[in-house]
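What follows is the residue order along each chain.
There are 2 protein chains.
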Amino acid sequence: MATEARLLLLLFLTAAASAWEMNIRLPTERLAYGGGEAVVAPLIHALRPLLGFGGQLAARAGVACDSWRLAVEAHNVFGWKKVPASCEGYVGHYMLGGHYHRDSPSSSTRPSPTLKLAGNGKEIWVFDIDETSLSNLPYFAKHGFRTTLYNDTCFREYVAEGSTLALPETRRLYRRLLQLGVKPVFLTSRTEDERNITVTNLRRQGYSGWMKLLLKPAVHTAGELLGSAVAFKSGERQKLEDAGFTIVGNIGDQWSDILGAPEGARTFKLPDPLYYIG
Amino acid sequence: MATEARLLLLLFLTAAASAWEMNIRLPTERLAYGGGEAVVAPLIHALRPLLGFGGQLAARAGVACDSWRLAVEAHNVFGWKKVPASCEGYVGHYMLGGHYHRDSPSSSTRPSPTLKLAGNGKEIWVFDIDETSLSNLPYFAKHGFRTTLYNDTCFREYVAEGSTLALPETRRLYRRLLQLGVKPVFLTSRTEDERNITVTNLRRQGYSGWMKLLLKPAVHTAGELLGSAVAFKSGERQKLEDAGFTIVGNIGDQWSDILGAPEGARTFKLPDPLYYIG
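If you're matching them up, the sequences are chains A and B in order. Going letter by letter, the first sequence gives residues 1 to 278 in the working numbering. Going letter by letter, the second sequence gives residues 1 to 278 in the working numbering.
In case anyone wonders, no lab produced these hints; they're calculated from the structure. Every residue gets a Cβ at the ideal spot worked out from N, C-alpha and C, and that includes glycine. Please note that a few of the clues may not be correct.
[Claimed, not checked] Covered stretches of chain A (chain B as the covering partner; in silico rule of three or more C-beta atoms under 8 Å from a C-beta of chain B): (1) 73-81; (2) 97-105; (3) 262-276.
[As the list claims (entries may be wrong)] Subject to a maximum C-alpha distance of 20 Å in a straight line, what follows is the list of computed SDA-like cross-link-like pairs (lysine to any residue): (4) A:Lys212 / A:Ile197; (5) A:Lys116 / B:Val77; (6) A:Lys116 / B:Phe78; (7) B:Lys116 / A:Val77.
Excised from the complex, chain A in its bound form:
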């Protein structure tokens, strides 16, 4: 083969190889915070190459995975129990390849310009925890990106380790709001028996100074919690308003974090193609 041809082929192969194996870390800010601990993003998963964009890959698999993901985010599909099996690769690449973080509303939109604050000390922002303030991605990456049914026992064991990771975009929003005098309130479907490990995990990941941490009562039978998430969360928001607080914002990864009055003056729906909570 002539030199030029070999050179072109070499260039092509080099480009292909460079995309072949990437070890992915969660993008994490290396900031010192309250506890003085350094935040190090652990290695999660080695991705295989993504040749072609998501739609093409999905179409080959017979499911338009990016359309499915959009339907999830626009709340057109709901009550689903697992990610379509053919979308495991698509969802994995979406979650680990940077796209997920780029889609975070706290990175793609700017809350501050529309945020008119009274500065009266009664203004709060409601934060969901899982897949909003903390990410369980290391767990899901090990378990097929939720193409299998949810296993409550395994997941609770993982949560009990207290090793979930901060979502850097949410933590940035959290800290900015604290600076602006807005009080953070965590409102989560985690249960009261998980309070201690949740506090530990939040502190480890650089969250501090919250006003309240509201968890579900610890009634827990066969993976089912009493009452819907919408009823629990909107009820707790109502209590906060009844106590004289103004919910200037509300952020969560599930529509059940957002829907149900009072929603909050400004709402953010974070992407989550991994699971649905009604």
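Starting from the known structure of chain A, fit chain B onto it as the hints suggest.
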């Protein structure tokens, strides 16, 4: 240059050229329908090549256009007046390149399995018109894909031509529902003075047999309609329920089509990165 190298280059250039100029038609079913007219999709726009996927292109332009689009669909950004200038190409390719149609919830999800019908003749499905039942894409393609401010005069002139096109996925849903005995109701922010041309346009595009066509009162000053779309549309839905009808479904391209009780038992949010109506 050696033969092999020239051959490789030629192959590369051929592949590049094949993507270079594509004349795009809206995907339209060529079905005979009520009026017996054939539906022909007109040529809208010649697309320039899309090298790299949307995210890459957007990142180069300084705006993550696909993240912006997701934020629109998840209702994280609202009240916006125009598409970011750097996203014109991205939005154009999205709308004309097939992705938009693939994202239509009536093509990506199946309403029938979750649709439990009483078959009592009182079941209705609410359809929005613009960008839901009919598409104004030919207009927007000529006007920079809404990277410029909305011009009410020009747009109303276009609507008055009665030449907007059926969205084939919605028309398919519409016909399926008619077969199932569900009565279609059009509910639109178009005004009463546009009733005749709207009826003509809907018929031309293969819609027939609707129960009601509900338009806004023809009060129209400087492009502003009285009252919000949410108030108007939820009010009309309430009247329908008060009259004894059950809204088994509700489909629209704007969150203002969906939000506000009574929403309907099943809601579908169609993609729309072109404009926002609050």
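Here is how each hint holds up against the structure:
1. 73-81: holds (count 5)
2. 97-105: holds (count 4)
3. 262-276: With 4 residues close enough to chain B, the hint holds.
4. A:Lys212 / A:Ile197: holds, 15 Å
5. A:Lys116 / B:Val77: holds, 16 Å
6. A:Lys116 / B:Phe78: Since the Cα atoms of Lys116 (chain A) and Phe78 (chain B) sit roughly 16 Å apart, the hinted pair holds (cutoff 20 Å).
7. B:Lys116 / A:Val77: holds, 16 Å
Checked against the numbered hints given earlier, this structure breaks none of them.
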